[in-house]
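Undergrad: The chain contents come next:
There are 4 protein chains.
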Amino acid sequence: MRTGLSLLLIALLLSTAFVAKPTRVVFFGDSITQAGVNPGGYIDRLRKMMPTDQFELIGAGIGGNKIYDLFLRMDNDVIAQKPDVVVVWVGVNDVWHKSSFGTGTDPDKFVKFYDAVIDKLQAAGAKVMLCTPAAIGEKTDFSNQQDGDLNQYSQLIRDLAKRRNLQVIDLRKAFLEYNLKNNPDNKEKGILTTDRVHLNEAGNQLVAEQMQKALTGK
Amino acid sequence: MRTGLSLLLIALLLSTAFVAKPTRVVFFGDSITQAGVNPGGYIDRLRKMMPTDQFELIGAGIGGNKIYDLFLRMDNDVIAQKPDVVVVWVGVNDVWHKSSFGTGTDPDKFVKFYDAVIDKLQAAGAKVMLCTPAAIGEKTDFSNQQDGDLNQYSQLIRDLAKRRNLQVIDLRKAFLEYNLKNNPDNKEKGILTTDRVHLNEAGNQLVAEQMQKALTGK
Amino acid sequence: MRTGLSLLLIALLLSTAFVAKPTRVVFFGDSITQAGVNPGGYIDRLRKMMPTDQFELIGAGIGGNKIYDLFLRMDNDVIAQKPDVVVVWVGVNDVWHKSSFGTGTDPDKFVKFYDAVIDKLQAAGAKVMLCTPAAIGEKTDFSNQQDGDLNQYSQLIRDLAKRRNLQVIDLRKAFLEYNLKNNPDNKEKGILTTDRVHLNEAGNQLVAEQMQKALTGK
Amino acid sequence: MRTGLSLLLIALLLSTAFVAKPTRVVFFGDSITQAGVNPGGYIDRLRKMMPTDQFELIGAGIGGNKIYDLFLRMDNDVIAQKPDVVVVWVGVNDVWHKSSFGTGTDPDKFVKFYDAVIDKLQAAGAKVMLCTPAAIGEKTDFSNQQDGDLNQYSQLIRDLAKRRNLQVIDLRKAFLEYNLKNNPDNKEKGILTTDRVHLNEAGNQLVAEQMQKALTGK
Numbered sequence: 001m002r003t004g005l006s007l008l009l010i011a012l013l014l015s016t017a018f019v020a021k022p023t024r025v026v027f028f029g030d031s032i033t034q035a036g037v038n039p040g041g042y043i044d045r046l047r048k049m050m051p052t053d054q055f056e057l058i059g060a061g062i063g064g065n066k067i068y069d070l071f072l073r074m075d076n077d078v079i080a081q082k083p084d085v086v087v088v089w090v091g092v093n094d095v096w097h098k099s100s101f102g103t104g105t106d107p108d109k110f111v112k113f114y115d116a117v118i119d120k121l122q123a124a125g126a127k128v129m130l131c132t133p134a135a136i137g138e139k140t141d142f143s144n145q146q147d148g149d150l151n152q153y154s155q156l157i158r159d160l161a162k163r164r165n166l167q168v169i170d171l172r173k174a175f176l177e178y179n180l181k182n183n184p185d186n187k188e189k190g191i192l193t194t195d196r197v198h199l200n201e202a203g204n205q206l207v208a209e210q211m212q213k214a215l216t217g218k
Numbered sequence: 001m002r003t004g005l006s007l008l009l010i011a012l013l014l015s016t017a018f019v020a021k022p023t024r025v026v027f028f029g030d031s032i033t034q035a036g037v038n039p040g041g042y043i044d045r046l047r048k049m050m051p052t053d054q055f056e057l058i059g060a061g062i063g064g065n066k067i068y069d070l071f072l073r074m075d076n077d078v079i080a081q082k083p084d085v086v087v088v089w090v091g092v093n094d095v096w097h098k099s100s101f102g103t104g105t106d107p108d109k110f111v112k113f114y115d116a117v118i119d120k121l122q123a124a125g126a127k128v129m130l131c132t133p134a135a136i137g138e139k140t141d142f143s144n145q146q147d148g149d150l151n152q153y154s155q156l157i158r159d160l161a162k163r164r165n166l167q168v169i170d171l172r173k174a175f176l177e178y179n180l181k182n183n184p185d186n187k188e189k190g191i192l193t194t195d196r197v198h199l200n201e202a203g204n205q206l207v208a209e210q211m212q213k214a215l216t217g218k
Numbered sequence: 001m002r003t004g005l006s007l008l009l010i011a012l013l014l015s016t017a018f019v020a021k022p023t024r025v026v027f028f029g030d031s032i033t034q035a036g037v038n039p040g041g042y043i044d045r046l047r048k049m050m051p052t053d054q055f056e057l058i059g060a061g062i063g064g065n066k067i068y069d070l071f072l073r074m075d076n077d078v079i080a081q082k083p084d085v086v087v088v089w090v091g092v093n094d095v096w097h098k099s100s101f102g103t104g105t106d107p108d109k110f111v112k113f114y115d116a117v118i119d120k121l122q123a124a125g126a127k128v129m130l131c132t133p134a135a136i137g138e139k140t141d142f143s144n145q146q147d148g149d150l151n152q153y154s155q156l157i158r159d160l161a162k163r164r165n166l167q168v169i170d171l172r173k174a175f176l177e178y179n180l181k182n183n184p185d186n187k188e189k190g191i192l193t194t195d196r197v198h199l200n201e202a203g204n205q206l207v208a209e210q211m212q213k214a215l216t217g218k
Numbered sequence: 001m002r003t004g005l006s007l008l009l010i011a012l013l014l015s016t017a018f019v020a021k022p023t024r025v026v027f028f029g030d031s032i033t034q035a036g037v038n039p040g041g042y043i044d045r046l047r048k049m050m051p052t053d054q055f056e057l058i059g060a061g062i063g064g065n066k067i068y069d070l071f072l073r074m075d076n077d078v079i080a081q082k083p084d085v086v087v088v089w090v091g092v093n094d095v096w097h098k099s100s101f102g103t104g105t106d107p108d109k110f111v112k113f114y115d116a117v118i119d120k121l122q123a124a125g126a127k128v129m130l131c132t133p134a135a136i137g138e139k140t141d142f143s144n145q146q147d148g149d150l151n152q153y154s155q156l157i158r159d160l161a162k163r164r165n166l167q168v169i170d171l172r173k174a175f176l177e178y179n180l181k182n183n184p185d186n187k188e189k190g191i192l193t194t195d196r197v198h199l200n201e202a203g204n205q206l207v208a209e210q211m212q213k214a215l216t217g218k
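Chains as they are written, first to last, in the UniProt record's numbering: chain P, 1 to 218; chain S, 1 to 218; chain A, 1 to 218; chain G, 1 to 218.
I should point out that these hints are in silico values taken from the structure, not numbers from a laboratory.
Certain hints may be false.
It does not matter which identical chain is used: a pair holds within one copy or between any two.
To be verified - Within a straight-line C-alpha distance of at most 25 Å, the following computed PhoX-like cross-link-like pairs (lysine-lysine) qualify:
| id | residue 1 | residue 2 |
| --- | --- | --- |
| 1 | K109 | K187 |
| 2 | K21 | K48 |
| 3 | K112 | K187 |
| 4 | K187 | K21 |
| 5 | K112 | K127 |
| 6 | K48 | K120 |
Next up, chain P with everything else stripped away, as it sits in the complex:
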């Protein structure tokens, strides 16, 4: 009897293990995430850092995207993938395009569309994680032109996460702390970015580590 039961248990456990699908994570964002799937990119690094039988990592980044662009394309690019988790990382273009093209996003509409994105993802059964926009310039004395706005939009995201009880990956905070230690000359790029915005090797590594910590809860 005991042997029979044990065998049954083992069989059940094995079958569970065999059918257990890995958690499907979609990284949903802009050009930074678009580059994240390239060799050395943060998603590429994550794939090597996390057990592939437990996590399936999918990039869904498109250059120039703002929050409302995510909303427009989310059915096709994200929800159709039936993700378990969606990591939303957006905001740089919402701020940056104000001064470069006159086509940024107002703060109140940023929140409105972000809420709508979260609503739809949650309705599709996905767990949602939010990221703050990391940097437009790496100077540590808040003298990068867009620092005021980036701080504002980051806080909007933190408030949103708190209000909706979501996990936030505070990349802006992580980038600043890293730069305070590693950017003694107050350079505007070259520490974690190649061009003030897009990630160099150290930047991709830092983001991958932050993402891993959030995804695995460690």
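With chain P fixed as given, assemble chains S, A and G onto it according to the hints.
TA: Okay, now just chains S, A and G, sitting in the frame of chain P:
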């Protein structure tokens, strides 16, 4: 027998008349349309100009709206009303907010969201009519600051209407023609607008007439 | 003999005292300085705080002015007054008008025109003192939209002062320190400003105190 | 006696003719004028089109210059050259930099600085000729983004020329007329410009011809 048949016919005709629902038209737009339902506004005027048993006119304008704001709120504010016809009139803020807040809409994204709005309206069974943005300033020598962009976005809408075989109400053209006749001093406001953008009495009347012509095909 | 000499000395000293003209200080700036001469304004307060026989205080502020506007009007408005000291306080509009009108000032040209203003003032024999732009918004976590730029332009002014060996009145630093103590709710206005930029009573008092300290060296 | 006197007169006249200096013309402007001295540039072409004993042509263009940059550097770069004629050609950056950097020039200040530039040039004894900004985009239906502003600033220059009784070289008008004939496909560049703003061969030739006509009065 003949009397009986006649009575039946009359009864049938009456019943048809009684159940025939008027065409439900939703005007979908920004602050200009929001003010259109006020006494003297263009929707208010249309209600008096068109037979109420044939047309039910509903305003769905919200101040500051750009094309992507329409996309965000269209399920609740338009499709839920089960409209037969939707008249979309948007574009002024997509252009204007570039210089006043740095939050206008890029031309390629303007078309992308406009296509998505039309897709959804058509999927809901509504006939869609498009309007060009009338004016930001009434000077007739194309020296209003946003004239270049307004002409560009108007052409994008005309091209869109052509490509999708939709009717376009060319308010920009109508406003220019009216001003060429009635604005000899090349004033920037006061002919059809109170403030270069929002409609005065003559403006509301002109828009109502243009809308009536388009809706009734006369 | 000694009595005669002493009397002579006293007479000389007295005559010197009598003919000694007060130091003429011109405050050269934008709308904040234009309002500074109003009752309760910072220049009005300074006039009560400093001995009138030693200091003659003149306001030369015009609303909307940027550094290049100061350069354009300095001959008539400042140099013609033969000032002993000129306190230059500018920068808010150079930053602010970027997003509100698209007509701010590039950082490199800000420095170029500032250098030209200083050159001309020094050539006219005036001692020049520089101020940093205090605030566009009083939130203390650097999340006011223009904080990045204001920090950048303030640093440009500090660097300029250092390079040219000039005294700098660091109002931006003073405002931040005051707000860190007195703005626990992280409000954007109402602590030192009425509207995020222009001074309320406390703001005028703080500026007056900072100016007094700089002008009297105490 | 009379023969001797006549000969003397002739000798004097001849000597005067021999020492007669050519008219010194300075072209004062932005990157378009900076490139104008290059081989094939409009100033280079003018040098071949006009008699060198009668006209000395000097380029004084610097990339990115707006009207206030001209004012800042005019003593060194123009007045020091003791020009007989100064052709001022500016305005593209005053308009363009609004949307690309947020650092354009307000229309009222454009006129203010232009007046100041003219005042100084006239005080230095130079004849001043004004040009309208030719183009930011060559589409002929006024649908280039900055057409509204360019038309506005061109009119400001025409009004300024009229008010001060100065000659205006209306390059904007000349460019539009040329494009109406030679740009049937409504292209945004490639007819007179390489990139919507800077001159190609045809553009340099057209400008040279317009300048020649204005300078020689033919």
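Undergrad: If a hint holds in the structure, say so; if it does not, say that too.
TA: Here's how the hints hold up against the structure:
1. Taking identical chains as interchangeable, the C-alpha atoms of K109 and K187 lie at most 25 Å apart only when they sit on different chains, with a minimum of 21 Å there against 32 Å within one chain.
2. For a Cα distance limit of 25 Å, the shortest separation of K21 from K48 inside one copy, 18 Å, qualifies, whereas the shortest one across copies, 63 Å, does not.
3. Taking CA atoms no more than 25 Å apart as the test, K112 paired with K187 passes between copies only; the shortest distance there is 22 Å, against 35 Å inside one copy.
4. In the homo-oligomer, the alpha carbons of K187 and K21 never lie at most 25 Å apart, since the shortest distance is 45 Å inside one protomer and 49 Å across protomers.
5. Taking the closest pair of Cα atoms, K112 and K127 come within 25 Å of each other only inside a single copy of the chain (19 Å); across copies the shortest separation is 28 Å, beyond that limit.
6. In this assembly of identical chains, the alpha carbons of K48 and K120 never lie at most 25 Å apart, being 30 Å within a copy and 41 Å across copies at closest.
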